[in-house]
Amino acid sequence: MTKIAAPRPSLSHRTSRWFARNLIRIYAGVAFVYLFIPVAYTFAFSFNDAGKSNLVWQGFTLENWKNPCGAPQVCESVVNSLQIGVISTVLAAILGTMIAFALGRHKFKGRKTTNLLIFLPMATPEVVLGASLLAMFLNLRINPGFWTVVIAHVMFCISFVVVTVKARIASLDPRLEQAAMDLYANEKETFRYVTLPLVMPGIAGAALLAFSLSFDDFIITNFNSGIVSTFPKFVYVSAARGIPAQANVIGSAMFFIALIIVIVGQIVSRQRRKG
Amino acid sequence: MANNKVSQDTGDLKLDRVSKYYGDFCAVDDLSLVVPDGSFFALLGPSGCGKTTTLRMVAGLEEPSAGTISIGDTDITTQKPYRRNVNTVFQNYALFPHLTIFENIAFGLRRRGLKDVKSEVENALNLVEMGHLAQRKPNQLSGGQQQRIAVARAIVNRPEVLLLDEPLGALDLKLRRQMQIELKRIQTEVGITFIHVTHDQEEAMTMADTIAVMNLGKIEQMGSATELYEAPKTAFVANFLGQCNLIKGKVTNRANGKAVVSAKGLTFEVPLSRVATDNESVFVGVRPEKLRLDDNGINSIKDCVVIDRSFVGTSTQYLVKAPWDLDLVVFEQNDEGLHDLRVGDKVSLEWDAEHTFALDGAQDINAGADLDDEE
Numbered sequence: 298m299t300k301i302a303a304p305r306p307s308l309s310h311r312t313s314r315w316f317a318r319n320l321i322r323i324y325a326g327v328a329f330v331y332l333f334i335p336v337a338y339t340f341a342f343s344f345n346d347a348g349k350s351n352l353v354w355q356g357f358t359l360e361n362w363k364n365p366c367g368a369p370q371v372c373e374s375v376v377n378s379l380q381i382g383v384i385s386t387v388l389a390a391i392l393g394t395m396i397a398f399a400l401g402r403h404k405f406k407g408r409k410t411t412n413l414l415i416f417l418p419m420a421t422p423e424v425v426l427g428a429s430l431l432a433m434f435l436n437l438r439i440n441p442g443f444w445t446v447v448i449a450h451v452m453f454c455i456s457f458v459v460v461t462v463k464a465r466i467a468s469l470d471p472r473l474e475q476a477a478m479d480l481y482a483n484e485k486e487t488f489r490y491v492t493l494p495l496v497m498p499g500i501a502g503a504a505l506l507a508f509s510l511s512f513d514d515f516i517i518t519n520f521n522s523g524i525v526s527t528f529p530k531f532v533y534v535s536a537a538r539g540i541p542a543q544a545n546v547i548g549s550a551m552f553f554i555a556l557i558i559v560i561v562g563q564i565v566s567r568q569r570r571k572g
Numbered sequence: 016m017a018n019n020k021v022s023q024d025t026g027d028l029k030l031d032r033v034s035k036y037y038g039d040f041c042a043v044d045d046l047s048l049v050v051p052d053g054s055f056f057a058l059l060g061p062s063g064c065g066k067t068t069t070l071r072m073v074a075g076l077e078e079p080s081a082g083t084i085s086i087g088d089t090d091i092t093t094q095k096p097y098r099r100n101v102n103t104v105f106q107n108y109a110l111f112p113h114l115t116i117f118e119n120i121a122f123g124l125r126r127r128g129l130k131d132v133k134s135e136v137e138n139a140l141n142l143v144e145m146g147h148l149a150q151r152k153p154n155q156l157s158g159g160q161q162q163r164i165a166v167a168r169a170i171v172n173r174p175e176v177l178l179l180d181e182p183l184g185a186l187d188l189k190l191r192r193q194m195q196i197e198l199k200r201i202q203t204e205v206g207i208t209f210i211h212v213t214h215d216q217e218e219a220m221t222m223a224d225t226i227a228v229m230n231l232g233k234i235e236q237m238g239s240a241t242e243l244y245e246a247p248k249t250a251f252v253a254n255f256l257g258q259c260n261l262i263k264g265k266v267t268n269r270a271n272g273k274a275v276v277s278a279k280g281l282t283f284e285v286p287l288s289r290v291a292t293d294n295e296s297v298f299v300g301v302r303p304e305k306l307r308l309d310d311n312g313i314n315s316i317k318d319c320v321v322i323d324r325s326f327v328g329t330s331t332q333y334l335v336k337a338p339w340d341l342d343l344v345v346f347e348q349n350d351e352g353l354h355d356l357r358v359g360d361k362v363s364l365e366w367d368a369e370h371t372f373a374l375d376g377a378q379d380i381n382a383g384a385d386l387d388d389e390e
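One line per chain: the protein sequences are H and U, in this order.
With this note's numbering, letter number 159 in the first sequence gets 456, and the count goes up by one each step, no holes.
With this note's numbering, letter number 251 in the second sequence gets 266, and the count goes up by one each step, no holes.
Worth double-checking, as some hints may not be accurate.
[Unchecked claim] List of simulated lysine to any residue pairs, SDA-like, C-alpha gap at most 20 Å:
#1 K95(U) x E474(H)
#2 K152(U) x L473(H)
#3 K404(H) x Y37(U)
#4 K265(U) x A337(U)
#5 K152(U) x R569(H)
#6 K133(U) x A149(U)
#7 K485(H) x R125(U)
#8 K279(U) x D342(U)
#9 K409(H) x R465(H)
#10 K248(U) x K305(U)
#11 K485(H) x L114(U)
#12 K95(U) x R127(U)
#13 K152(U) x P494(H)
#14 K152(U) x R567(H)
#15 K152(U) x V565(H)
#16 K95(U) x N483(H)
#17 K152(U) x P498(H)
#18 K95(U) x E484(H)
#19 K485(H) x G128(U)
#20 K29(U) x K233(U)
#21 K95(U) x P471(H)
#22 K95(U) x T492(H)
#23 K95(U) x Y490(H)
#24 K152(U) x R472(H)
#25 K95(U) x L473(H)
Please keep in mind that the hints were generated in silico from the structure rather than gathered at the bench.
The whole structure should be built from the sequences, with the hints applied where relevant.
Laid out in structure tokens, this is it:
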């Protein structure tokens, strides 16, 4: 490159060139701002010295973080949500994985129908699911409460688990299992030492997805929870009177916990790859 | 685990009238075979000839539709793969991606609940010269390294029979040559029966004591590399192993240990021991390097024309047209006697009777030609 011959381009030309070169970066930046403004807003207002209503900024305080259970029923509903989330996730992960293996590995009558039916809960509007489940529970004379919520959550989480795990099973090289059998592992040992470890990342991903779906769910839960309160239900109910700043604390904390889990996961898998 | 009883049979591997059907398609057709204990045996054939299916039946990964497979005196036809004293080196290796190299090799030992896993694995790693990689994961290894690990993972179990399914197919030419020598060394060291499935005739000829050439689910011919090359019994074998010139003719006389074949007014002599048929109609066969550019031999064709030549280093290959509709391939060594012919030159060909063979003239003259390039 010789600098002497090149005439200096005009300012407007240079600006437009700079734009062209950085367009993707600008676009990505805008997209991230758009995605994270609500999170940032929630986080900022968790430090609001709010009193009753957390709509207007009234001053900085650490009080909400020091005492997250300060508002009535916040922690009770969070504990309920965590319990429901964990139980539903474990059940949905186990049942969904079994269905995924059946669909991915075996040919049986009605396999295609099952495949289709598995998608139905994902495609049905939640309002319809929630209302029908409530009608069913009432007809069976079951009082809605903690366990009806668990049943409802397991039901819609299973679909997501099946879809995720089935994809993982489909990508599994059948020769690996044949190699295990060739190396003196019987059917059970092959499953335990080769198939399951290889499918495990799929199951783990499915479980994370199921947990966040369960923890997050409002519509179906609202229909089927009776007097039991979950965190989304608590936030919705208190919205009428003004959401306490503690809700922001818990929301932000969940976000950061999720972030830490993802980062740790990345580091661990990178180290594992390096050996 | 101690509950996985593995049979400890030793002896020859026998396949007796084994067939395998997939629906109407016959992959292996009434195949009988004996592989002597401790030999290096190759199943050679184009893709789709049934060689891999045969191998998988020996491994227990497919069940024969008919026939029996046995090692020594034990029938293993329906035995589960994990009960057979047989191990496989899979095409593309099938190493367990979630386990370290050490654990990959230890897998079979641990499943059988053996002691001394550590020293056994280390010995196996040293045998394939990969000791320093024990703690890596398979995806951190090159193709050649993975190949060695796959061999070590199988051999560490000291199986009665080791099956190799196109083990060198994914490697580049130079590495393949190196691994051919390596595998041969390992086989000599451990003395296990090796059954090597390949579509590469050169690979089979360099490595195996005995080669079975397979085509359409059947064995065309079985023997040492020299036997198959020098005295093929079918057009398929003649064409599939190296290059071959076949000339259609009729046997006019069989006497004094030789057959006389006439074709287009010429007569060729063939030793009777090298005539593979009783039919009158035959193909007279001769390998390209046995042909000489001269005209005083017992078998000769005069008035030929050079229509193509290519220089390939150690030899010059000529394509020569006979006075009738027949192209012959001639290899001439690049030494003092070099003729250095040009395209269009007139030439005569001659060759010795003992280098001639005769095949049944009722088969497809092009069977097995141009098949070895696929995959």
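Handout entry: Hint check against the structure, violated hint numbers in rising order
Key = The structure conflicts with no hint, since it agrees with every one listed earlier.
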